[in-house]
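2 protein chains.
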Amino acid sequence: MQNSPNRRQDSRSDTPKLEDVAARAGVSTATVSRCLNNPAVVSEATRKKVLAAVQALGYAPNFGAQALAGRRTNTFGAILPTMENAIFARGLQAFQEELQRQGITLLVASSSYDPELEEQQIHSLVARGADALLLIGHDRPERCYSFLKKRQVPYVIAWVYDDDKDRISIGFDNRKAMKALTEAVLDHGHRRLALITAERRGNDRARQRSQGVTDAMVARGLDPESLSVIETHYSIAHGARALEQLMQRTPRPTAVLCGNDVLAAGALTQARRMGLDVPGDLSITGFDDIEIAEIVTPGLTTVHVPHRNMGKGAADLLLAMRAGEDPGPSVELEAVLMLRDSLGPAPK
Amino acid sequence: MQNSPNRRQDSRSDTPKLEDVAARAGVSTATVSRCLNNPAVVSEATRKKVLAAVQALGYAPNFGAQALAGRRTNTFGAILPTMENAIFARGLQAFQEELQRQGITLLVASSSYDPELEEQQIHSLVARGADALLLIGHDRPERCYSFLKKRQVPYVIAWVYDDDKDRISIGFDNRKAMKALTEAVLDHGHRRLALITAERRGNDRARQRSQGVTDAMVARGLDPESLSVIETHYSIAHGARALEQLMQRTPRPTAVLCGNDVLAAGALTQARRMGLDVPGDLSITGFDDIEIAEIVTPGLTTVHVPHRNMGKGAADLLLAMRAGEDPGPSVELEAVLMLRDSLGPAPK
DNA sequence: GGTTGCGATGCAAGCGCTTACATTGGGGAG
DNA sequence: CTCCCCAATGTAAGCGCTTGCATCGCAACC
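Chains as they are written, first to last, in the working numbering: chain V, 42 to 389; chain D, 42 to 389.
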């Protein structure tokens, strides 16, 4: 119906280009480009002229052109299982801050704990030119790794630590940490334990935490078969429902270990709703030590995870890899026990 | 030390290009391009050949090249004040889902409620080629709007509704909603009210909600000066601290209105900590109706905000604008009162 | 049988940048 | 005073895709 169709259209858009800057500064486009990307090789005087012109024109490089010509986007990608709760928020924030410091933009995608979706996101981020990728955990089809290798996109696996894999990872030992927490629970005299875990399929962190629990039980001579387990989604509501179910089983557990703080918060709420005293009647523990763990009543005994260090460390590794440097071996960080009031002695 | 330097390097990278697909399918690159972007104009037979070649080669278009040649990135941007809590999460999710359906990728940035940072993010997203932008609230320097206009980047303002602005917005009337909530509180017999609000500078939603409270008071013949106000950051911890301070003032309020659910959750926790009975001794209300509002004990009386409809609606508006169509006028959605147990009759 | 019209395709010109390579001009060494 | 070297700059060839325009057949029509 109208004259011309869509798009930022008509004549030359108002956006200045490198050429305009060059003309105004009386130099070639090459010099302007260098001045912006590698100032060291340009003389002081020229640099000043150019920067003035950039200012005056309000020039900003065209992303597409830059990506095309430079074969690099200065964009890193991160694929998280979820953004619905704060589990990955702090780590991601630190990752982001470090990248920003290096002039790199972060592209975030969330896979909703769905392996297929995650694979799709990997492709999508690579297609959008991500120079490097942050991935959570090892569990994904081998073809994802070969794809990244073929495309020569560096990546790092975070939130876990494994030196036995040939992929480089940065994180902590989920199994060991959960074992330590479980031992603390056992030290309080608890013998009837329960575990509320996230779905373990496709989630190596959940699996390892779960194994940590049985490790501790075995180490103390308890039958791991006696562990009452519920596998559910990560959410407050699911945590609550899980606790409700657990408390209907016989024998009733005296301590409920949760795969993360969100589940624990739900369990705690539900316990209160059921008139149970925590930790008098029942002890509850979490994992992650996110903000909510301090806020709830009683304070949640949990495992403090090195969120920020993982984020920053992952950024550093990826930057090194992109630069073609040797990133060194995988990095193990400490996860430390946070003892708060939700864990108490086993009831008589 | 090594041979060649960095980058996805050496010889031709393994990534197939349009040309390769064209060669394999025995057609020109133009045809392949059309086949991918505008299948309708290509014959059935050719399309099949081309798609087969695409499959076989695992071809994916190069983002930079596409952006450069097409002058469009199929990327929309969203700048939120925060991602630390769930306030915007549901709306963003809906926005994202709708865009994905249209083959558009979402770029998210968070401004931490900092106007300067927000301005920077606007520039950054535009520089990265965002075809359109989702912004929260009206409060920002005029130059942001003129910049977007000059660059011809369509945008929509969400989480608020104003038909008096010439910018198009989609949301609800914050002032009216808060007025209604306050009236409900007054209906319960409360006369000594307090308000915990987010910083109102640069945050029109907070300002309007605050005005809604005084509107209601004035309408009922109360002196708005009697409203006890604390302005603080959005966080559970700050909400708790604010309540603590409020309860030290004289006269003590019998009802505390919070600018959002996060503050309210903090206030609720603190009240419990101080041994106050909610709603027996004190009523507390929130705003937003995020998940936490249902979970806390007692359930939080709050205002349910049309998160998902705002997100989806914003996506539709932006898509229309990008296509050069008339998006129509601003959209007003309903925000409805959610009465739960945290609001009770005023103590005698 | 010669036109005409139109759907399907090919041709080739960019899109705005980066960078290998060529060029230039001084300063220092001989 | 030359010559050489190197720092500073310019030249121009793409990067991989989209799209306006030209071309080509072929069916329908006179």
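For the record, the hints were derived by calculation from the structure and aren't laboratory data. Hints may contain errors.
Which copy is meant is left open, so a pair is good if it fits within one copy or across any two.
[What the hints assert, rightly or not] Computed cross-link-like contacts, DSBU-like style, restricted to lysine-lysine with a CA-CA straight-line distance of at most 30 Å: (1) K191 x K90; (2) K90 x K58; (3) K217 x K89; (4) K389 x K58; (5) K389 x K90; (6) K191 x K58; (7) K206 x K190; (8) K89 x K58; (9) K58 x K190.
Structure-based check of all given hints:
1. Proximity of K191 and K90 under a CA criterion of 30 Å is satisfied inter-copy only: 25 Å between copies versus 43 Å inside one chain copy.
2. Taking identical chains as interchangeable, the C-alpha atoms of K90 and K58 lie at most 30 Å apart only when both belong to the same chain, with a minimum of 16 Å there against 39 Å between chains.
3. In this assembly of identical chains, the alpha carbons of K217 and K89 never lie at most 30 Å apart, being 57 Å within a copy and 54 Å across copies at closest.
4. Taking identical chains as interchangeable, the C-alpha atoms of K389 and K58 are never at most 30 Å apart, the minima being 77 Å within one chain and 71 Å between chains.
5. Taking the shortest alpha-carbon separations for K389 and K90, neither the intra-copy value of 81 Å nor the inter-copy value of 75 Å comes in at or below 30 Å.
6. For the homomeric pair K191 and K58, the shortest alpha-carbon distance between copies (15 Å) is at most 30 Å, but the shortest distance inside one copy (34 Å) is not.
7. Taking the closest pair of Cα atoms, K206 and K190 come within 30 Å of each other only inside a single copy of the chain (15 Å); across copies the shortest separation is 51 Å, beyond that limit.
8. Taking identical chains as interchangeable, the C-alpha atoms of K89 and K58 lie at most 30 Å apart only when both belong to the same chain, with a minimum of 18 Å there against 40 Å between chains.
9. Proximity of K58 to K190 under the C-alpha cut-off of 30 Å is restricted to the inter-copy arrangement: shortest distance 18 Å between copies versus 35 Å within a copy.
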